[in-house]
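> What follows is the residue order along each chain.
There are 2 protein chains.
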Amino acid sequence: MLQPVLIAGEWRPARSSGVFKAENPALGETLPDEYPTSDWSDCDAALGAAAEAAALLRTTPPEKLAHFLGGLAGRIEARKAELVEMAHTETGLPRSPRLAEVELPRTTGQLRQGAAAVLEGSWALPTIDTRLNIRSVLAPIGPVWVFGPNNFPFAFNSVAGGDFVAAVAAGNPVIAKANSSHPGTTRLLAQEAFAAVAEAGLPPASVQMIYRTSHADGERLVSDPRTGATGYTGSRAAGLKLKAAADAAGKPIYLELSSVNPVLILPGALAERGAALVDEFVTSSLMGTGQFCTNPSLVLLVAGEATEQFVAAVKARFEAAAPLPLLSSSVARALAASVGTLQAAGAHLVTGGSAAAASGYRFCNTLLRVSGDEFLGAPRKLQTEAFGNAALFVVARDGGELGAVIQELEGNLTGSFYSDTRGSDDALYGQLEPLVRLRVGRLLNDKMPTGVAVSPAMNHGGPYPSTGHPGFTAVGIPAALRRFAVLQCFDQVRPGRLPAVLRDEPPHNRVWRLIDGEWRRGPAPGA
Amino acid sequence: MLQPVLIAGEWRPARSSGVFKAENPALGETLPDEYPTSDWSDCDAALGAAAEAAALLRTTPPEKLAHFLGGLAGRIEARKAELVEMAHTETGLPRSPRLAEVELPRTTGQLRQGAAAVLEGSWALPTIDTRLNIRSVLAPIGPVWVFGPNNFPFAFNSVAGGDFVAAVAAGNPVIAKANSSHPGTTRLLAQEAFAAVAEAGLPPASVQMIYRTSHADGERLVSDPRTGATGYTGSRAAGLKLKAAADAAGKPIYLELSSVNPVLILPGALAERGAALVDEFVTSSLMGTGQFCTNPSLVLLVAGEATEQFVAAVKARFEAAAPLPLLSSSVARALAASVGTLQAAGAHLVTGGSAAAASGYRFCNTLLRVSGDEFLGAPRKLQTEAFGNAALFVVARDGGELGAVIQELEGNLTGSFYSDTRGSDDALYGQLEPLVRLRVGRLLNDKMPTGVAVSPAMNHGGPYPSTGHPGFTAVGIPAALRRFAVLQCFDQVRPGRLPAVLRDEPPHNRVWRLIDGEWRRGPAPGA
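Going line by line, the protein sequences match chains W and Z.
Our numbering runs 1011 ahead of the 1-based position in the first sequence.
Our numbering runs 1011 ahead of the 1-based position in the second sequence.
None of these hints come from the bench; they were simulated from the model.
Everything numeric in this text was worked out from a predicted model, so none of it was measured.
Take the hints with a grain of salt, since some may be wrong.
[Unchecked claim] To give an idea of the chain W side of the interface with chain Z (calculated C-beta under 10 Å), a few residues: (1) 1130; (2) 1153; (3) 1348; (4) 1498; (5) 1532.
All C-beta atoms in this analysis are idealised placements derived from N, C-alpha and C, irrespective of residue type, glycine included.
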């Protein structure tokens, strides 16, 4: 059965140029449902409807947006069993704890945090200059396209995931482009979102969803005049093509692309707690079959006996752990190709390196290593992201060579340091930290990068090419909302014509406003 | 005499591919000093020195940065007479009040506001999650190129102007590219900045300055790996070429480009206070010979007797006012060409339209008009920015046609509404305001747009193509600083290794921090 798309407030047949099917990667089987590749007329219809919804959303009370976000969270919980089963079937990710106990609650938690942010209003940095009567606030940017990644069928889904929450909480309609590896999960989420839209009384086109477009139409839609902005999480190659198109049209696009997430294990830490570090690393490295944006796939070590023991122990653990399924046949192909690229660039195989003899799309847990010298001979190629259960260890001669290696690193989402607790690594940390700090969005101490907490202080972003702009984060409320907003200033605008949040008397006393240089709750002084 | 450039802490001869001279536009004469067009080796040397300075500035105490900014302000005041004379000679702008009493104090005021922002630290939005021990803050982005415009020789100068202050206050070294129409003024400011750098004990390459590069080198420098970001204020054509180069390299570039700044004069306002509006408009339109980014160069009116009286009165005032010099021969040429473009697109000349018979580069105060119908027939060409003392009136049939005209407007920095004080325009305002709001960065009521106050609530920005990103402002402290920063997160980083502003005990009790969702001064709770 060919599935319909959600455009302009109705589920209707796509105007399509082709069909595709999802797969069950754990079994290596194609699933029966057919999904359409929408042609431009679908995109055009969605954009037209979204532009109308955007105009209505600008005057929609925050309570309705919050009602929608909270309502969607409740609906997701009510349909949990079916959602978990569908996501499991389409992605091979374990039902429990991953999907049911970790990712689904994270998703509903994000929706509820988004609802709270809408009601509170401080995310928009309302700013008042009472002396000059100038006021400004962040306001909705307009229709947002969300391209979700393959690796989080709930938490980063283009419907109900992080970018979706941020865009809606900032007051925008979303047009979701489903990820082709979990269209069924996205369909279920879109059904719930559409029902929640109706219950909250939002404009029907506040949430729309299509499954796939041609590459050319993808570039056209991110640069269309009706588009406000785009949120994209996925491969670097596809993301940079969309970026080029959006940039040329002056349309903001927020990208979360590849990252190898360097982990530095300093000698003192290895001496102090090598066995524990083996455990921490292997757990993080193989989590989700290594298919995390923040997977620790590049580990930097200093040569020595303890390092050889560490490598040997990781090798043994990688060999002992049965490889879990990858998300799709294309992930499996790309992983094999990337491991091949690393080997061609001089990386030596420690273990793994080939498809696993088991059902579905599986790849042996793979460990590669190079010396610092070797890395410095081919630093670009040896930073190829091998998305999946593979890691590259760089064993440097000494701290100086470690520094040289770091200076060749591209922008990354994260960088982690392990150092001993008694101070023997402190001098080396002091030398290397400034080099790492420049190249990563989130710096960690004594912790693997795979946990991305939904915290106001989180940065799930980083220097190019890990993202498209180093000032923004894709995770963390309220900051993530500010990507989907424009700065609007009101200069001597008459009081009755101001947005409620900029009036002398705020709509409620919870909202923080920067009034004459001070963050305050409550009325403007003198009001 | 060929002037030296300021690179890597010394004034030295440029490695140049050519020379140019400035002109005295009031007299139409070339000035004697020769300035070099630097070749790539100068750019390369400046970038290398800036990268080293950037590393040192990251650990420089805020007090030193503030000392520099405040010191430069004092030095500019001490050299005021010479600066005013030089700027007057190079730009034709009046010594008084414009340069001496308005623009120079604005410039020193911005420097001192920047110094205060550095000391206070709240601009960087320090954010602490005490439960998860995750902390984040905006941090310097690295070497910033500043391309200043021709129209504010002090306040937007690439040395000491708004982008310079924002970049330095955010902790970055600046490489200034002087505007070719006031190289002597920029040289004097760079001399003072260099002396202030030494007095404050900043790295010598914290401020560097070159005069001009080839277009190809301009595109290369904004996209160089050592570049952190670029601030550009100037023409749309040149700015979009730099944007394309920077975007392709993933380098942030903040642009402030053309804007026609629509002013809507609603019928009730004209009936209520037509004579006063003539005065307000003419004053704003001819201020600085119309050479403001926020010049009200597109006025939207509704047809009728009062509008004809308004047009006739503006015509009389334009004809009675002697045209002042334009900034340069190229501005005069571009203005004549733009007025020609508007006429070719159907605009009718009311008055002016040709060079003025007086010394130097002057153009008759120029007023053009079209009907709403005519505007809708060629909306792109009729939005051509005529930078200088020219304005286009669009006389619409009625409010509905006014709305249609607004829907054709590109992104602008500002949009102004004049409406009567007794309510007769309120319904029309309600219809049109949402259409204007979407298309401008700053919305004004009953006020011309030419005053751009340096207020925390200011937005000197707007939708593309008035700028390159609708979320940022070029004027206003602290917001303008955030353009030149990256988001840095610290996840479980040990307390002694945190930046001072993220420790439980802040460096001082003036800094506002978002701690567990509340803006607070003072220590983190539980600290």
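> Are the hints correct? Go through all of them and say.
A quick look at each hint next to the structure:
1. Nearest Cβ of chain Z to the Cβ of residue 1130 (chain W): about 13 Å, over the 10 Å cut. The hint is violated.
2. The restraint placing residue 1153 (chain W) at the interface with chain Z holds, with a minimum CB-CB distance near 8 Å, inside the 10 Å limit.
3. Annotation: interface hint on residue 1348 (chain W) violated; nearest CB of chain Z at approximately 24 Å, more than 10 Å.
4. The closest approach between the C-beta of residue 1498 (chain W) and any C-beta of chain Z is roughly 5 Å, which is under the 10 Å cut-off, so the hint is satisfied.
5. Here the hint on residue 1532 (chain W) is kept, as its CB sits about 9 Å from the closest CB of chain Z, short of 10 Å.
Consistency with the previously given hints fails for numbers 1, 3, ordered from lowest to highest.
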